Amino acid sequence: MTNRRLMIWACAMLVIASCTGGDDGVTPPVESECPPATPLVIDLPANFPELPNPKDNPLTVEGVALGRRLFYDPILSGDSSQACAQCHIQQNAFGDTRRFSEGIHGVFGSRHAPTIVNPAWVSEMFWDGRAAGLEGQAREPVPNPIEMDLPWPDAIARLENHAEYPGLFCAAFGDSRISQDRVVKAIAQFERTFISANSKYDRVRRGEDVFTPVEQMGYDIFRTERGDCFHCHDELFFATSTFHNTGLDSIVADDGRYDVTGDPADIGKFKSATLRNIEVSSPYMHDGRFATLEEVIAHYNMGFHDGDDVDPLIRARLTRPPMRPGEIDTLIVFLQTLTDPDFLFNPDLSNPFLAPVATPVTNGR
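For the sequence shown, the working numbering assigns the number 7 to the initial residue and increments by one for each residue that follows.
Simulated from the structure, these hints should not be mistaken for laboratory data.
It is possible that some hints are incorrect.
Simulated restraints on C-beta separations [what the hints assert, rightly or not]:
#1 D354 with R104: 41 to 51 Å
#2 N53 with D226: 18 to 28 Å
#3 P358 with I257: 37 to 47 Å
#4 P64 with P318: 26 to 36 Å
#5 P42 with I152: 37 to 47 Å
#6 H168 with M308: 51 to 61 Å
All of these numbers come straight from a predicted model, not from anything done at the bench.
Built from N, CA and C at the ideal position, the CB exists for glycine as well.
Make the full structure from the sequences, and use the hints.
Written out as structure tokens, the structure is:
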């Protein structure tokens, strides 16, 4: 065998060895292209429980930064015109000021876009609770034909061909591979930092502030049978993981939770939305039918449609005298103490492509 043939044979053996791995025939794992992401630790106030932090998607500085960019980037919509943030506006508690949100084709959805406030502590997402946690929720809007209408394979291809995203995914996940799972995880990480914990109510709870006499009266109405709010909006998050038919219609127009469970008892039931930042998140209810808090309270006071399928907690109002107008006004004064300007104008949650919006003066709230 000539020297030339020996050299070719040796090179071939090296290639084969590199393809088959070591002596055991196992291909060694691919080394990370980037250093491990930096763990993100969020300090919560004393009145808040520990932040849920999934083991398969722990918070990292780089992951949250990537999720923030994806949340505000219209690249994930079919015509690159719409981002998550179009229907979830920070100054409105990441809710929508429109009754129904408009998708990229000019088609409106059938439900009002819910707010995103303290979602890390929420296990069932959407009005009907069909998605498990933030990761489950983040999978749906991109391919939804009414919302962003972009098949996931096309979305991944766009990100792969982008000048910056491969590097951002590498920083967040250790290598530059982009997948639906990683997009969803990054957005979920960012949304997990949507923490509203510094309203006047919170400061009072921590002993840092005190309610005015009117605010205290409103709080007393809220947490007693007089207002009857606390059953479905319990403290600290002013929401529950339960679903209720609140008598909005005499004939149910939207089956709600029933579409998920198939249980006839769930027809017309919807999740209790959080009341945090309720002052700035109108319109209200799953279909955005009420424009003001006065309308919402009037409905629960005595304006609901009674029936056997209406939640017993709602029907109990029929056994008690309705709230007087002055009591309704006082209750609203308390609800305004749930507004958290630090959350609504937190620069870390703002659009990274724009300058942050200045926090307004709030007269102590």
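Do P358 and I257 keep their Cβ atoms within the hinted range of 37 to 47 Å? 46 Å, holds
Take a look at whether the Cβ-Cβ distance between D354 and R104 falls inside 41 to 51 Å. 26 Å, violated
At the C-beta level, are P42 and I152 separated by a distance inside 37 to 47 Å? 39 Å, holds
In this structure, is the beta-carbon distance linking P64 and P318 contained in 26 to 36 Å? 41 Å, violated
At the C-beta level, are H168 and M308 separated by a distance inside 51 to 61 Å? Holds: the Cβ-Cβ distance is about 55 Å, inside 51 to 61 Å.
Would you say the C-beta atoms of N53 and D226 sit inside 18 to 28 Å of each other? The hint (18 to 28 Å, Cβ to Cβ) holds, given that N53 and D226 are roughly 19 Å apart.
Of the numbered hints listed earlier, those contradicted by the structure are 1, 4.
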